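S.K.: In terms of my numbering, the sequence shown is residues 1 to 275.
All clues stand as given, with none of them false.
Calculated pairs, SDA-like style, for lysine to any residue (alpha carbon to alpha carbon, straight line, at most 20 Å):
hint: 1; residue 1: Lys175; residue 2: Arg71
hint: 2; residue 1: Lys90; residue 2: Thr53
hint: 3; residue 1: Lys175; residue 2: Glu122
hint: 4; residue 1: Lys171; residue 2: Leu136
hint: 5; residue 1: Lys134; residue 2: Leu169
hint: 6; residue 1: Lys157; residue 2: Ala194
hint: 7; residue 1: Lys171; residue 2: Ala194
hint: 8; residue 1: Lys262; residue 2: Glu239
hint: 9; residue 1: Lys134; residue 2: Lys157
hint: 10; residue 1: Lys262; residue 2: Asp237
hint: 11; residue 1: Lys171; residue 2: Gly140
hint: 12; residue 1: Lys113; residue 2: Asp137
hint: 13; residue 1: Lys90; residue 2: Val58
hint: 14; residue 1: Lys112; residue 2: Asp146
hint: 15; residue 1: Lys112; residue 2: Trp81
hint: 16; residue 1: Lys134; residue 2: Gly108
hint: 17; residue 1: Lys157; residue 2: Asp223
hint: 18; residue 1: Lys75; residue 2: Ile51
hint: 19; residue 1: Lys134; residue 2: Ser165
hint: 20; residue 1: Lys75; residue 2: Trp231
Worth flagging that the hints you see were computed from the coordinates, not collected in a lab.
Treat the numbers as computed from the prediction; the structure is a model and nothing was measured.
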Amino acid sequence: GVGQSGFAMQALGAVDEALWDLNARALGVPVWRMLGAARDRIEVYASGGWIGTDDELVEEALSNRAHGYRRYKMKLGCADWRDDIRRVRKVQEACGPEMEIMVDVNQGWDVKKCVRIAPALEEMGITHFEEPVKALDYDGQRFVRDHVGMNVVAGEKLYGLAETSELLLRKCVDKMNPDIGRCGGVSGFMEVAAVADICNIPVSSHAYSAHSIPCLAAAPTGDLAERIPIWEDGLYDGEPVIENGWHRLTDRPGFGVTLSAKAAEEWCTAKTVHG
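Start from the sequences, fold in the hints, and give me the full structure.
M.R.: Following this line, the structure appears as structure tokens:
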């Protein structure tokens, strides 16, 4: 009655993840082993780069590099696209060649703008070009993929297998980045990964790194995991530790993390408001 996408799928995903975690904890094994993963580590990149001041952008990028990340994704979307190019260049100069800079448009451009600006990004060595157009614009996404030299990445805003598989079967992306909360939890993520395997497309992830990393380890074409430090740092006890850009999975049961006391107090404690 509430449809098969949107909040309905997010609710299903939350329950699915909880059940996987509970089942694995009951058996005393990690989720990644339950999924049959053959790998015990996954490469992780830091995501942020919001449209703020140049100094804030560079400070965040350098902080992530200092914490062990070797890839950093930043946003594009300035009123003047030339400011986007300038900001990318500034981060590259600050971080040096040892840190790869990735870019994310967050569905903000149309096809013509993508094709027009792509050469400037390619000249700077950018290879990861995320969500260039609207999430459900399959034809536009395919056109961009066919006409730019960068790897086009998308999928995080799509719900369930029906929407995500269209992106894959229509050859709209070079890499898929499903959101575990939107595509149906662990079960949904692994369904998407199976279709990606058939299409020979690498699978990355969107946010929720503690829950996505076990799935990527088990996905046949599993690739990079996204981590958003400003959202995720301090949220869990046992959260991923990044060493030289990689996170090594542990044998802690379930997802291997528990909500931190600080996060529980901040987000889960009911507060009475007196007028």
